[in-house]
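Each chain is listed here by its residues.
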Amino acid sequence: MKVLVPVKRVIDYNVKVRVKADQTGVDLANVKMAMNPFCEIAVEEAVRQKEKGAATEVVAVSIGPVQAQETLRTALAMGADRAILIQTDQDLEPLAIAKVLAAIVAEEAPDVVIMGKQAIDGDNNATGQMLSALLDWPQAAFASELVLSAGSAKVTREIDGGLQTVEVALPAVITADLRLNEPRYASLPNIMKAKKKPLDVKELSALGVDTVPRLKVLKVAEPPKRTGGVKVGSAAEIVSNLKSNGVF
Amino acid sequence: MAVLVFADHDNTTLKDGTNKTVTAALALSSDVDVLVAGKGAGDVAKAAAGIAGVRKVLHAESDALGQGLAEAISGLIVPLMAGYDALLTPATSLGKSFSPRVAANLDVAQITEVVEVVDGSTFVRPIYAGNALETVQSSDAKKVITVRATNFKAAADGGSAAIETIDAGPGAGKTAFVDQQIVKSARPDLTAAKIVVSGGRAMGSAEEFQRVIDPLADKLGAAVGASRAAVDAGYAPNDYQVGQTGKVVAPDLYVAIGISGAIQHLAGMKDSKVIVAINKDGDAPIFQVADLGLVADYKTAVPELMDALTAAGK
Ligand SMILES: Cc1cc2nc3c(=O)[nH]c(=O)nc-3n(C[C@H](O)[C@H](O)[C@H](O)COP(=O)(O)OP(=O)(O)OC[C@H]3O[C@@H](n4cnc5c(N)ncnc54)[C@H](O)[C@@H]3O)c2cc1C
Ligand SMILES: Nc1ncnc2c1ncn2[C@@H]1O[C@H](COP(=O)(O)O)[C@@H](O)[C@H]1O
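Respectively, the protein sequence lines represent chains A and B. Under our numbering, the first residue of the first sequence carries the number 1, and numbering increases by one thereafter. Under our numbering, the first residue of the second sequence carries the number 249, and numbering increases by one thereafter.
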């Protein structure tokens, strides 16, 4: 069973993001970048499925700038077998990414695509569901447990109000939620080994996929600031304050 | 322009996120229809027909729709969109799971978690855990939008729209429902509650979480939330998670107990009207957004708070 894992390079989740003064975007200069945390969970799951014997090959793919090779090397160090970079400096929308991934699926013919539920830069939570729709494959979004067997996958999903279990016929698209697993740190020997694993680079233009943006960003602004920071001396003061400012 | 709103419900009760999404829809057009897709959801359809400003309710019934299977819901909606210029869906887990499918099948972008409608093609949405607000203009003929309901006022009741029963659509195809565990609670819904009490990693165990957080929530008539750390550790169920990748809440009062205030948590609650924080670390980032911060051990502070509330007639 072959697993395809799309991974995105994003601002590290610990970085405090700043909006540019000219409101054209956020400041990415000299900012620490990393693999999107949900993609790490997806890679970890694919590797565990391979370690369990349920999967045979794990292919990581990223669409992004030349530096996304580092993200793919991280996936390889975690245990992916090979990697593909679809290189572009364009910032693509989820629909375009889903179309590019559909083209890669057509070439690679994986049995299952495991990806992150959400990229923490755009916070779209859309690409996996879009890919599933474009391929007309079943989807299991927000997975917290995955059991792969021949021809199907049993997936527990995090839904409003609790958990739901579904069974999807393979091939399918599965998106990872936080509770699916805890990603490993790549060991030094594995980081070294990863340098020798195959990493193919293709130009986005070579795929012939329509990636024209549908949304024009008119501006990126800072949200209104909260004026917090008031400390009180006792629990009783909390209550009297809530009374005086009309909450009770 | 005609707009279709997807109704949020649990097959029994219409959720107030629907009314809020109708408000967002009415900012686009006065021709707003509501789709109730479910199983045994007749009361929900009636409630939707009672929202002021709604033109018509479309009501579809099947097992797969009632189970909230994304393929069944998108399969139902995609052909309906021939008659609409926009689809607005509350950004619940369910909405997030099917709305992008509809967008992809229509070959349009999804405009995710809209917090403001500027005009018929221009919308504001948060990115980077709410650290930035992006204004985007869509060039697509049809708009597929998820709505952050907490940013819109609920449309009032008082309407009397007609209810039209429609065919259930193609079903879920290659996805089969196995089972689900829904946490039943007598407390208000987290995303709609006027007051939310949330606990963090400081609770240390599920028993302690329930011992400390639940009575305080009950006293305040509040919903219960949690940080990711508390959910990951099993102190609270997954759907209690408030934050960037959990639920977004904006109650009149948010009480954070033993929560540090990581940006991912703040993303889910910083639009609350009043924020109260109890944390023993005076430097915890939660205090930067708290209107009322108490530096104290929750073990003594929460009982004192309970007493003060009792004394205040709560
Ligand atoms: C991809 C990603 C997505 C995420 N999404 C979310 C999300 O949606 N929601 C979310 O909440 N987090 C999210 N997080 C996690 C977030 O970064 C933090 O790790 C998390 O919010 C921390 O939870 P906490 O505040 O309960 O725990 P901690 O940060 O450990 O804080 C515990 C606090 O309790 C205080 N404390 C300890 N003992 C006591 C006591 N006796 N009395 C009073 N105070 C005490 C401590 O001083 C401390 O401030 C996400 C992280 C990632 C990487
Ligand atoms: N540029 C990209 N390259 C590879 N995978 C991506 C890219 N963008 C998004 N994805 C995948 O889609 C998931 C959801 O992203 P999003 O829909 O943007 O929130 C991510 O976790 C990735 O698995």
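Treat the hints with care, since some could be wrong.
To be verified - Below, simulated DSSO-like cross-link-like pairs (lysine-lysine); rule was C-alpha separation at most 27 Å, straight line:
1) Lys243/A with Lys442/B
2) Lys99/A with Lys562/B
3) Lys562/B with Lys243/A
4) Lys422/B with Lys243/A
5) Lys243/A with Lys2/A
Hints listed in this document are in silico derivations from the structure and should not be mistaken for laboratory results.
Results for each hint:
1. Lys243/A with Lys442/B: The given pair, whose Cα atoms are some 15 Å apart, holds under the 27 Å limit.
2. Lys99/A with Lys562/B: violated (56 Å)
3. Lys562/B with Lys243/A: Within the cut-off at roughly 11 Å; holds.
4. Lys422/B with Lys243/A: violated (55 Å)
5. Lys243/A with Lys2/A: violated (61 Å)
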